[in-house]
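Going by this note's numbering, the sequence shown opens with residue 56, and the numbers climb by one from there.
To be clear, the hints were calculated from the coordinates, so they are not data collected in a lab.
It is possible that part of the hints are untrue.
[Unchecked claim] DSS-like mimics (lysine-lysine), calculated; alpha carbons at most 27 Å apart, straight line:
id, residue 1, residue 2
1, K111, K192
2, K223, K282
3, K442, K426
4, K158, K231
5, K223, K187
6, K192, K171
7, K150, K111
8, K279, K305
9, K171, K426
10, K123, K171
11, K150, K213
12, K268, K282
13, K279, K262
14, K268, K232
15, K232, K213
16, K444, K123
17, K171, K224
18, K262, K213
19, K123, K442
20, K232, K279
21, K187, K213
22, K171, K444
23, K150, K123
24, K192, K90
25, K158, K305
26, K443, K431
27, K90, K158
28, K123, K360
29, K360, K282
30, K268, K231
31, K425, K90
32, K224, K279
33, K352, K123
34, K352, K305
35, K444, K213
[As the list claims (entries may be wrong)] Computed Cβ-Cβ distance ranges for the label pairs, DEER-style:
id, residue 1, residue 2, range
36, K279, D252, 47 to 53 Å
37, D252, P371, 37 to 43 Å
38, G333, I312, 46 to 52 Å
39, G157, K123, 40 to 46 Å
40, G361, V397, 39 to 45 Å
Quick reminder that beta carbons are idealized off the backbone N, C-alpha and C, glycines included.
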Amino acid sequence: HSSTLLQTPPIMKLSLFSAALAVVVPAVSAEVYFKEQFNDDGWTDRWTVSSDWKSKSELGEWEQTAGKWYGIESDKGIQTSEDARFYGLSAPMTKTFNSPDGKDLVIQYSVKHEQKIDCGGAYIKLLPGGDKFESTKFGGDSPYGVMFGPDICGSSNKRTHVILHSDKKDENLLIKKNVSCESDQLSHLYTLVLRPDNTFEVFVDNKSVRAGKLDDEFDFLAEKEIKDPDQSKPSDWVDEREIVDPEDEKPEGYDDIPMEISDPDAAKPDDWDDEDDGEWEPPMVDNPDYKGPWNPKMIPNPDYKGSWEHPMIPNPDYDYDNNMHAVCSGGCSHVGFELWQVASGTIFDDIIVTDSLEEAQEFAKETFFKKKDSEKDMYDAVQAEEKKKADEAMADEMDEEDFDMDMGDEF
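Could you put together the complete structure from these sequences and hints?
Okay, structure coming up:
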């Protein structure tokens with residue numbers, strides 16, 4: 056057998072070695088920094104209300120519920136329950152996410168607007184702070200690494216926020232072009248992937264709706280080119296496309312033509328009495344010969360050079376930043392909701408923060424997608440029942456009106 060082994064081709068040896076290595080070395084497992092499904096009563100111990108952010112009367116109550124329609128009755132989320140209120144809530148992550156580790160950052164959660172939302176936020180935030188994070192004070196002014204998710208106010212303002220913190224600028228940068236969001240009354244899954252190669256991707260219901268480079272879609276960097284400060288438009292530059300025709304002169308007597316003239320067809324009435332009625336004057340009408348103020352004819356300018364374009368030069372302040380993706384450069388340790396809702400009723404569920412899109416998608420299969428179709432079936436049934444009741448109530452109302460009219464006819 057040894058001679059057979061000695062005759063094994065080098066490529067075969069390599070493939071056998073690779074196969075053996077694949078068995079010995081396990082695949083790198085995904086890191087899950089946070090996961091929350093809100094199915095047990097202990098969720099209130101894990102999450103802290105921002106009681107010092109707003110007064111008690113301004114803060115709305117969160118309720119644990121599966122909602123009016125659901126895929127699995129025992130699978131619950133948390134719902135905003137009071138109209139025209141602020142909602143503040145945060146929880147520590149199991150493990151801090153550090154951007155310098157060079158891993159993907161994946162944030163995913165589900166949102167269901169049961170209330171036919173007209174105006175209200177439903178976004179989630181990834182927060183720094185660590186042991187110094189003051190959960191009861193968490194609110195709109197608290198620093199964050201990422202703000203992601205739907206925000207709706209009116210029919211024209213519907214977007215999925217993607218706002219990332221820039222250490223270099225010390226600013227929170229909004230995505231330049233709006234990402235759409237869902238506004239119906241069913242659950243939808245929102246996923247953000249931020250990669251260390253400075254690219255990102257947004258998914259809604261596991262379908263990619265936006266992907267690109269951070270420097271293309273956000274103002275992380277200065278412009279690559281700027282207008283040359285040493286250049287200005289030459290004083291003799293001609294950018295008037297047309298000029299007055301020097302040979303076009305105003306006709307003699309043009310300004311003497313009146314705007315109105317006496318109506319040549321008008322006649323003094325037979326019963327007009329000059330002594331009683333005064334001297335008769337014919338009514339005035341528009342003068343057909345009046346052409347308005349005189350404007351000289353315009354002709355193409357023979358000296359026209361076109362519009363002057365400012366010469367561009369490389370921007371000395373442009374500097375590519377390899378760390379645009381590093382929204383958690385000092386570590387993100389908490390997740391939170393900081394919202395205002397006019398009409399309440401939004402349910403949040405199935406939150407995961409991980410370094411693997413595949414892990415997030417697998418979690419979605421076990422949760423969101425397991426409930427999705429049966430939730431839609433129940434929603435349709437609820438809507439059909441509500442319509443039936445509304446139709447019956449309208450029919451009863453019309454019967455009462457007919458009865459009242461018949462009684463009126465008898466008396």
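The hints, checked one at a time:
Of the supplied pair hints, the one linking K111 and K192 holds, its CA atoms being roughly 13 Å apart against a limit of 27 Å. Among the hinted pairs, K223 with K282 is consistent with the structure: their alpha-carbon atoms are about 23 Å apart, no more than 27 Å. At roughly 24 Å between alpha-carbon atoms, K442 and K426 fall within 27 Å of each other, so this suggested pair holds. The hinted pair formed by K158 and K231 meets the criterion: a straight-line CA distance of about 25 Å does not exceed 27 Å.
With a C-alpha separation of about 23 Å, the suggested pair K223 and K187 falls inside the 27 Å cut-off, and the hint holds. For the given pair, K192 sits about 30 Å from K171 by alpha-carbon distance, which is inconsistent with the 27 Å threshold. A threshold of 27 Å between alpha carbons decides the hint, and for K150 with K111 the separation of about 31 Å lies outside it, so the pair is violated. Distance hint between K279 and K305 is unfulfilled; the C-alpha atoms sit about 53 Å from each other, more than 27 Å.
Proposed proximity of K171 and K426 is supported: the alpha carbons are some 20 Å apart, at most 27 Å. With a C-alpha separation of about 13 Å, the suggested pair K123 and K171 falls inside the 27 Å cut-off, and the hint holds. Taken as a hint, the K150 and K213 pair is broken in the structure, with Cα atoms around 33 Å apart against an allowance of 27 Å. For a cut-off of 27 Å, the pair hint linking K268 to K282 stands: about 25 Å separates their Cα positions.
Simply put, K279 and K262 have alpha-carbon atoms about 33 Å apart, too far for the 27 Å limit, and the pair is violated. Of the supplied pair hints, the one linking K268 and K232 holds, its CA atoms being roughly 13 Å apart against a limit of 27 Å. Restraint check for K232 and K213: the C-alpha separation of about 12 Å stays at or below 27 Å, so the hint holds. This hinted pair checks out: K444 and K123 have alpha carbons roughly 17 Å apart, not beyond 27 Å.
Among the hinted pairs, K171 with K224 is inconsistent with the structure: their alpha-carbon atoms are about 38 Å apart, more than 27 Å. At roughly 18 Å between alpha-carbon atoms, K262 and K213 fall within 27 Å of each other, so this suggested pair holds. About 15 Å separates the Cα atoms of K123 and K442, which keeps this hinted pair within 27 Å; it holds. Restraint check for K232 and K279: satisfied, since their Cα atoms lie roughly 20 Å apart, inside the 27 Å limit.
A C-alpha spacing of about 35 Å is found between K187 and K213, which places the hinted pair above 27 Å, so the restraint is violated. Of the pairs offered as hints, the one joining K171 and K444 holds, with about 19 Å between alpha carbons and a cut-off of 27 Å not exceeded. Proposed proximity of K150 and K123 is contradicted: the alpha carbons are some 34 Å apart, above 27 Å. A C-alpha spacing of about 23 Å is found between K192 and K90, which places the hinted pair at or below 27 Å, so the restraint holds.
Between K158 and K305 the CA atoms are separated by roughly 77 Å; this puts the pair beyond 27 Å, and the hint is violated. Distance hint between K443 and K431 is fulfilled; the C-alpha atoms sit about 18 Å from each other, no more than 27 Å. Proposed proximity of K90 and K158 is supported: the alpha carbons are some 18 Å apart, at most 27 Å. Pair hint K123 plus K360 does not hold up; C-alpha atoms about 69 Å apart against a cutoff of 27 Å.
For the given pair, K360 sits about 20 Å from K282 by alpha-carbon distance, which is consistent with the 27 Å threshold. Restraint check for K268 and K231: the C-alpha separation of about 12 Å stays at or below 27 Å, so the hint holds. Distance restraint check for K425 and K90: the Cα-Cα separation of roughly 17 Å lies within the 27 Å cut-off, and the hinted pair is therefore satisfied. Under the criterion of a C-alpha separation no larger than 27 Å, the hint pairing K224 with K279 is consistent with the structure, at around 16 Å.
Distance check on the hinted pair: K352 and K123 sit about 73 Å apart at the alpha-carbon level, beyond 27 Å; violated. Between K352 and K305 the CA atoms are separated by roughly 10 Å; this keeps the pair inside 27 Å, and the hint holds. Between the alpha carbons of K444 and K213 the distance comes to roughly 32 Å, so the proposed pair goes past 27 Å and is violated. Here the CB-CB span from K279 to D252 is close to 19 Å, at odds with the stated 47 to 53 Å.
Taking the beta carbon of each, D252 and P371 are about 26 Å apart, not inside 37 to 43 Å as hinted. The hint said 46 to 52 Å for the Cβ distance between G333 and I312, and at roughly 29 Å that hint is violated. For the pair G157 and K123, the supplied restraint of 40 to 46 Å holds, since their beta-carbon distance comes to about 44 Å. Our hint of 39 to 45 Å for G361 and V397 is violated, since their Cβ atoms are close to 52 Å apart.
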